[in-house]
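Asker: What follows is the residue order along each chain.
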Amino acid sequence: MRTKALARMVLASCLVLSVCLSKAYCDEAWRAEFDDACAKTMDAMALSMDELKALIGKCERLQKIVEQQDETVRKVYLKRLQMCKNLYAYVLEAKSGEKPRE
Amino acid sequence: MRRALFVVLVLFVGVGFAWASGTKKRKLPPNEFGSVTINNYSQQSGMPPVVFDHWVHRQHFTCRICHVDIGFGMTAGATKVRAVDNMKGYYCGTCHNGRMNVNNKKVFEACAKEFSKEEYNRCVKCHALERDTAKEEEFYRFADNMPKERLGNGINWEKAEEEGLIKPLDQLEGVSIMKAKLKVQQDFSLKAKVEGMPDIIFSHKKHTVWNGCELCHPEIFIGIKMGTTKYSMVELFDGKYCGVCHDKVAFPQTDCQRCHTKPV
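Protein chains in written order, with my numbering: chain A, 29 to 130; chain B, 999 to 1262.
One thing to keep in mind: the hints can contain errors.
[Stated by the list, open to error] If we take Cβ atoms under 8 angstroms as the criterion, some of the chain A residues that face chain B in the derived model are:
no., residue
1, W58
2, D63
3, A67
4, A74
5, T100
Bear in mind the hints are in silico, worked out from the structure with no lab data behind them.
Where a beta carbon is used, it is the ideal one built from N, C-alpha and C, also for glycine.
Using the sequences and the hints, build the whole thing.
Answerer: Set out below in structure tokens:
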């Protein structure tokens, strides 16, 4: 009887722990992805058009995840994400030889 | 009687015009140049507005850290920072967390849910509109050791960094993304519109060292090809383009020789 209760407790703890860890892991994962997506702003001019397009796509995917975060995180990271995405789009526009927006 | 009415009418119209066109800007004393008053939520919460001094912060950090990595907007009040954001460790709370050290000095913690009378002294370090003579003295002590500048807050910040008098941090652990060193774009010249005025030499190097790329492009300067963003001094003085920083924090645009530098 006692062993059963103990086993249940262990199982419940494992479940709680896994839920917590998975949330922490997800949190870590999107932040790592954010760092990766926005790390190339300093050499944006040296990137190829395909690389720029891939980075813009990454930013757009991340935007959906960031929009689900709490208000403060959302505010900070959407602004940061927007800045790097806009820069990539700006460089891409220049490289594609399109007429500038002005 | 009619004459008196006419005079009153003229005065009324004159005052109306003066009010509509805005009064002449007060020339700020050096210690107040670059100060930004933020009052999105402070007064609603019974606190004085926040007065943010750029000179205090820019001696330690580049513009990029705050306006790119931390996410502060480029206009006063645009970010709508709340006390709760700071307490969570974002915005001001990124550094003002009671743990960070700058020059072996602990950076005081920003904001609190509840505070005692003693702790109120900490609140008024930022939430203050009254003249703070101690802060003024601190500014002049600091400025005394810096290379001089004619306008703005009288400090040539660029020279101060060149001479190693300030060493602004460009990366904050846990906040900034580690990036490759920037390959600096070439300087270029822009034709002055007024005859006799030397052309402008725009230095990408000087600007990117503190700002990176995304602070200016595309939000402030949209056109990527030289000459595609057309602007006039009127727009600049109106706070657009260069005027987003110059006049407010960086040296004023009335210091013509700082930009119009191309030898004639």
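Asker: Each of the hints needs a verdict: does it hold here or not?
Answerer: Hints versus structure:
no.: 1; hint: W58; verdict: violated (14 angstroms)
no.: 2; hint: D63; verdict: holds (5 angstroms)
no.: 3; hint: A67; verdict: holds (5 angstroms)
no.: 4; hint: A74; verdict: holds (6 angstroms)
no.: 5; hint: T100; verdict: holds (5 angstroms)
The structure shown violates just one earlier hint, number 1.
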